[in-house]
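Chain by chain, the residues run as shown.
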Amino acid sequence: MGNTSSMLTQYDIEEVQEHCNHTFSQQEIVSLYQRFCQLDRNGAGFISAEEFLSVPEFAVNPLCQRLLRMVDGLNFKEFVAFLSAFSSRATMQQKIEFIFKVYDTDCNGKVAFNDILDVLRDLTGSFMSEQQRQQVLAHVLEEAGYSKDSLLELADFIKILGNSGLKMEVEVPVD
Amino acid sequence: MDLDRPNIEEYLPSEAIQESNEKLHLRDLLDISPTLTEAAGAIVDDSFTRCFKSNPSEPWNWNVYLFPLWCFGVVVRYGILFPVRVLVLTIGWIIFLSSFIPAHFLLRSHDKWRKKIERYLVELICSFFVASWTGVVKYHGPRPSMRPKQVFVANHTSMIDFIVLEQMTAFAVIMQKHPGWVGLLQSTILESVGCIWFNRAEAKDREIVARKLRDHIQGVDNNPLLIFPEGTCVNNHYTVMFKKGAFELGCTVCPIAIKYNKIFVDAFWNSKKQSFTMHLLHLMTSWAVVCDVWYLEPQNIRPGETPIEFAERVRDIISVRAGLKKVPWDGYLKYSRPSPKHRERKQQRFVESVLQRLEKKGK
Chain C
863 MGNTSSMLTQ YDIEEVQEHC NHTFSQQEIV SLYQRFCQLD RNGAGFISAE
913 EFLSVPEFAV NPLCQRLLRM VDGLNFKEFV AFLSAFSSRA TMQQKIEFIF
963 KVYDTDCNGK VAFNDILDVL RDLTGSFMSE QQRQQVLAHV LEEAGYSKDS
1013 LLELADFIKI LGNSGLKMEV EVPVD
Chain W
527 MDLDRPNIEE YLPSEAIQES NEKLHLRDLL DISPTLTEAA GAIVDDSFTR
577 CFKSNPSEPW NWNVYLFPLW CFGVVVRYGI LFPVRVLVLT IGWIIFLSSF
627 IPAHFLLRSH DKWRKKIERY LVELICSFFV ASWTGVVKYH GPRPSMRPKQ
677 VFVANHTSMI DFIVLEQMTA FAVIMQKHPG WVGLLQSTIL ESVGCIWFNR
727 AEAKDREIVA RKLRDHIQGV DNNPLLIFPE GTCVNNHYTV MFKKGAFELG
777 CTVCPIAIKY NKIFVDAFWN SKKQSFTMHL LHLMTSWAVV CDVWYLEPQN
827 IRPGETPIEF AERVRDIISV RAGLKKVPWD GYLKYSRPSP KHRERKQQRF
877 VESVLQRLEK KGK
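Which chain is which? The protein sequence lines are C and W, in order. For the first sequence, the positions run 863 to 1037 when the working numbering is used. For the second sequence, the positions run 527 to 889 when the working numbering is used.
Simulated from the structure, these hints should not be mistaken for laboratory data. One or more of the hints may lead you astray.
[As the list claims (entries may be wrong)] Label pairs and their computed distance ranges (CB to CB): (1) N826/W - A1006/C: 53 to 61 Å; (2) K799/W - P1035/C: 16 to 24 Å; (3) Y873/C - A736/W: 55 to 63 Å; (4) L884/W - N937/C: 39 to 47 Å; (5) K851/W - T967/C: 38 to 46 Å; (6) A736/W - D980/C: 43 to 51 Å.
[Unchecked claim] What the simulated footprint calls covered on chain W by chain C, stretch by stretch (three residues with Cβ under 8 Å from a Cβ of chain C suffice, anywhere in the stretch; the number is not a length): (7) 558 to 567; (8) 855 to 867.
In this text, all values refer to a predicted model and were calculated from it rather than measured experimentally. The beta-carbon is built from N, C-alpha and C at its ideal position, and this holds for glycine as well.
Just chain W, with the same shape it has in the complex (with noise of 0.2 Å):
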């Protein structure tokens, strides 16, 4: 169930008293009905709301012959395909662990040679998970190459939008720390690919995060630096705005389009609902993952251009290249309230239009 309707994706403030140019009268101070009907609006349907919905499961086992297929298909599934995944998923961590472990320790002093080894390890084992969802990746466009001064912007889905790009190219990636084993990974191994790490809650970390970003994309044998600038997994129908850290860095910004294939198995991860381990597990229990990646030209600030004007023009880009719908909002909105200043503006245009209506002579 979609909600497509065109219209409300360009958020417009509408007026909150009727547009005339006539004296201002009673009636229109008394007339609350617009603000009225954008607050009930908001309370049956909200952009911002739908950017976060999962896609129900369509029951279409309903009858007596799609019921037994379904029924195989669930055995197929959890039965045959499910084992054979966890399998491939345990072989290709032992290959992993018996190579890296050794090769970090050991070529301690061949720094070089250790991380050539090791960004290959990890393409590796990102190759095996994609395995092991029989993840069936569609790559356009040229593969990112390791250049400094540049920074790789993509759309976010799920977690697995990294292991799905990492396959093809060992990313420094920038992720909020987790807990749990995806926390100890992250500790782990996603340091030797030179990832960063930010914590939503903190307030001064973004300072702290900003440093460690200019620092890492000026060094030359530094992993090229993938960031989400959504800041939240989002359902792969709309982009919520891009936050401009990443676009005031200086530098060029590539950017990078994921579109799912919802047919197969949605790979929304929505982390309210659900933990990553579950999340996997759903995905280990489809049919397949099939998605598409382009990597898209590569852009640059244009002069007179503010880098929030930037992310937006950028954001536009991805948009339009997956097919993604725009909404105006901040992904931080799931976690925090909006700030005041845009009732504030709601509230300054009435009283411009009340006053400008005031100094009117006639009936």
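Isolated chain C (complex conformation) (with noise of 0.2 Å):
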């Protein structure tokens, strides 16, 4: 189960707890630490886009590939702060930006009529049409008060999701 070098001290885990700032507790760390090792089979350090395809429970989610292309390569340290968002200790705001991370995929800061597309066309695959996905969206956009022609950015973001009672946790399994 891991590598031998499965050894975290005590300054580690403070360092890693600074970095996702105190998002998790220690003993979740530790345990994420372990998640981490099991995963990363060729003890490379980081975990790669094939071992994270070999979860099946992971393979099968629509938003594997675009999740991929955040976490592919991420050391312990940054793997730990990808999932903060996801701690039940994260603010509300820490999880609408993760989302909003998660559709602005060139990374300005502002999120595009195809961006929230491109997101849909991932989650209903073939069972919609490209032009009923335009009009769908455009619907409800139009509704919102914004234009196919909005750039949305995270304050928008925000106040649209902000009070939808979000809730996105994941519980770290701890001994």
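Got two chains here, separate frames each, mind docking them using the hints?
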């Protein structure tokens, strides 16, 4: 189970905890490290895309390719920071920021009509035509007071998603 | 460290869009949190990887009193038990080969006698193997009988499952062809009990194997056929989905449940981590291999039941008896990616939900 260098020092744990803004407890970080070593089968210090995709539950997720782009090649510290949005201690702001980053693939702080369309395509696959997707999206955008040419920023996302009772939490199993 | 979280095993597909009877709003399309949560959940912990986790060796030798005891244990296991076991195994092989080889060649014409002797000898060498790990096996239930039109299925933890079962009854088994000395044994000795080989890598192989299976069970004189429907070794805490091949042969299926007692040794063969030789050495330098074998009531396919439902029903019987948890994954996902239809099903559900809410009028 993992390689023999799976020993985290107290200093390492505290450093990781700093980096993720204390969204995980020290015990959770130790558990996450065991999991990281379990997934990082070749002991390279990071989890490759192949290793992520060998988890069937992850591979069947419609957004897995998108997430892979964000998580591929991260070392343990960055891995924990990536998952910090899913902690119960993360703020609503942090969670919405994460969702924004999933949409904003070119990281320019703006999400366009096409960016949302791309995510919608991942979620609907071949069960909706391109035309249908555009129609539905244009319709709900207009209803919310935006247009097809609007560029949504983080503030817009917070406004739209802020009160929707967003729940995005994952429990880290601790012994 | 056993991650026992009961609800994950019932793989309930969560909804990708908030279930609601309200009209569709922008926030419903932008809110991808359920899908993201599922993905993150899989990254943090997933039921498939758990099936193949070996027991981490608990270091119990951490204080002044226990450490010398542990050292003494190591000395006994490696210095006394291991040589004795190697000796026992060597004697067993000598007896076996000196009886098997003559019997195989000299009794060519007396097939019935030859088969009987070979069967007995294979059971004998398996008993020697089991003795070489100080195997304590408790068999429960009626011993398998030699009858046509029946097939035995068992859960799979290691290749030693076969040896443990074989020492009681000479089964013909269907196995993956291995390289090295194991392969040699397979092609010579196991051939005599009527084993069937398959090659996971070959796609056409499945039809050839299916035909061989059908031919085998028709034969009156053939040894009872043993199949491990999981198709891969699992860590004896879980069962993965059973392949339906054994359940569509139109014959009675007799389930066998095997449970190893982990206190003595972890008998799970993690073929990615160890070769079979290393695995055997690990067993031979442990204290004992203790397990229970239950021969369960033979099952027939019910009218209106599909082979897959039949397989699941038998998996349930075996899992309950051996105290194993069921997971909805195919064991072969160890070697390949899941089929796209799982993802497509999620996409389809999402689209249905969106279109349904689009129809709604109101705020």
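Verification of the hints:
1. The supplied range of 53 to 61 Å is met by N826/W and A1006/C, whose beta-carbon atoms lie about 60 Å from each other.
2. One distance hint, 16 to 24 Å for the beta-carbon pair K799/W and P1035/C, holds here, with the actual separation near 22 Å.
3. The hinted range of 55 to 63 Å is satisfied by Y873/C and A736/W, whose Cβ atoms lie roughly 59 Å apart.
4. With their beta carbons about 44 Å apart, L884/W and N937/C fall inside the hinted range of 39 to 47 Å.
5. K851/W and T967/C have their C-beta atoms about 39 Å apart, which keeps the hinted 38 to 46 Å range intact.
6. The beta-carbon spacing between A736/W and D980/C, approximately 44 Å, falls within the hinted interval of 43 to 51 Å.
7. Three residues within the 8 Å Cβ limit are the bar, and the stretch 558 to 567 of chain W against chain C gives 9, so the coverage statement holds.
8. Under the rule that three or more residues need a Cβ within less than 8 Å of chain C, the assignment of the stretch 855 to 867 of chain W holds, with 4 such residues.
Taken one by one, the earlier hints all hold for this structure without exception.
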